[in-house]
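We have chain P; now place chain W onto it with these hints.
Chains as they are written, first to last, in the numbering used here: chain P, 1 to 230; chain W, 1001 to 1230.
Hints are all accurate, no fakes.
As a list, the in silico SDA-like pairs of lysine to any residue whose alpha-carbon atoms are at most 20 Å apart:
hint	chain 1	residue 1	chain 2	residue 2
1	P	K146	W	V1156
2	P	K159	W	L1138
3	P	K146	W	K1163
4	P	K3	P	G117
5	W	K1146	W	K1163
6	P	K153	W	L1138
7	W	K1146	P	G132
8	P	K3	P	K159
9	P	K163	W	A1143
10	W	K1153	P	E139
11	W	K1045	P	D65
12	P	K153	W	G1132
13	P	K146	W	L1138
14	P	K146	W	E1139
15	P	K153	W	I1169
16	P	K146	W	E1149
17	W	K1153	P	A143
18	P	K146	W	A1143
19	P	K153	W	A1127
20	P	K159	W	R1137
21	W	K1146	P	A143
22	P	K163	P	S24
23	W	K1163	W	L1138
24	W	K1163	P	A143
25	P	K153	W	V1128
26	W	K1146	P	R142
27	P	K159	W	G1132
28	W	K1214	W	P1081
29	W	K1146	P	E145
30	W	K1146	P	L138
31	P	K146	W	E1145
32	W	K1153	P	L138
33	P	K45	W	D1065
34	P	K146	W	R1161
35	W	K1153	P	A127
36	P	K153	W	R1142
37	P	K146	W	G1132
38	W	K1146	P	R137
39	W	K1159	P	E139
40	W	K1153	P	G132
Simulated from the structure, these hints should not be mistaken for laboratory data.
2 protein chains.
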Amino acid sequence: MNKKAIILSSGGIDSTTTMAIAKSEGFDIYSMSFNYGQRHSVELKKGGEIAKFFKAKGHIIIDIDLRNIGGSALTDNIEVPKDRKEEDILRGIPITYVPARNTIFLSFALAWAEIIGAYDIFIGVNAVDYSGYPDCRLEYIRAYEKMAELGTKMGVEEKRRIKIHTPLISLTKKEIIRKGLELGVDFSMTHSCYDPTDDGKACGRCDSCYMRLKGFREAGVKDPLVYASN
Amino acid sequence: MNKKAIILSSGGIDSTTTMAIAKSEGFDIYSMSFNYGQRHSVELKKGGEIAKFFKAKGHIIIDIDLRNIGGSALTDNIEVPKDRKEEDILRGIPITYVPARNTIFLSFALAWAEIIGAYDIFIGVNAVDYSGYPDCRLEYIRAYEKMAELGTKMGVEEKRRIKIHTPLISLTKKEIIRKGLELGVDFSMTHSCYDPTDDGKACGRCDSCYMRLKGFREAGVKDPLVYASN
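Chain P on its own, in the form it takes in the complex (with noise of 0.2 Å):
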């Protein structure tokens, strides 16, 4: 039987080599997802296609309703920036960045994995192109473990390590799009637009769209999706 882990999944390029790499490491795959209301809700439908793909042991996704707590262009009214330079997409913590998020999926993936039996957690966190973001450095993946290992029945009666995987946590998007080439992930299927239209299709210009374009460019593969803007 093969060991059991839990992969949160976004449908973007991330998440979905993420969840390349633990089948290609031999894991029976735990797809979990969330809806907080955030504007690109299409991710949810293609999480759903990409646990097909990958022959997920299962797939849940989880409603949270962020909204109520605010504070983000990703679930706020805010209006999400567009056509913004490199340097400024880089620079500080993004107005996207939606507090604790992580943080609370990984109590999420936590709670399942004490259920399903799972001792593995992936999570496709990026220090390079996030760097804005506190919740994507190793340091505080290394502290999220501890608290899970005090925090549960697994950590503290079965004296399990709780891992928490960051397989792409020192990549830049070019080599996440390679690496994801490489294992077999059809790039079609996954979706990265802040700010899609209502038909799903990506804008090309949020910070999400123009890292993900960059990175394809730089691979020198052409991305599949269609977008708004071409």
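Only chain W this time, still in chain P's reference frame:
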């Protein structure tokens, strides 16, 4: 201007006394409750009354669907144990343990804290009556604080310490009740039962009712609640 504190409120004796303590320490109260498909959703109604009693500046209820994850008598279709002996209640991790529950709750509190600019979170965990819950121990709370500092903008950019207050951690139920009464808490507002009747009466027989009744008995005070089995 007073400092802001987020108080996790379940509508029970512990969290209500915790709120009274935060209030007595001069904090403005921001009350946070969770609707997680628990059997005892009467606690949500109580949460609102209690927030009002303490003149909370904010009160939000977060919907989360732990039912999808399953795995506890409080959210699943497992029967709530009744009429257990005290030594059984206190031994090991109880069936009513919800995996990673405090981790999830604290994560939402952390997100809200970051939005409203609060650096203090109060949680009524108790290591005496709930010795079986890994996430009711100080060691876990300290690890959570560390993770919270490393994973948030306020921790990383503003170098703020995030304090998780656990004023009840080493008190017995008797002492908690006495403390609450001393601070003017009206315990008829509170609710503890794991398995209330349809009209919201406490069963008087589950572990939580047992510990509550014992606490009042030992405090030498009559519990103002009406029980189904009275």
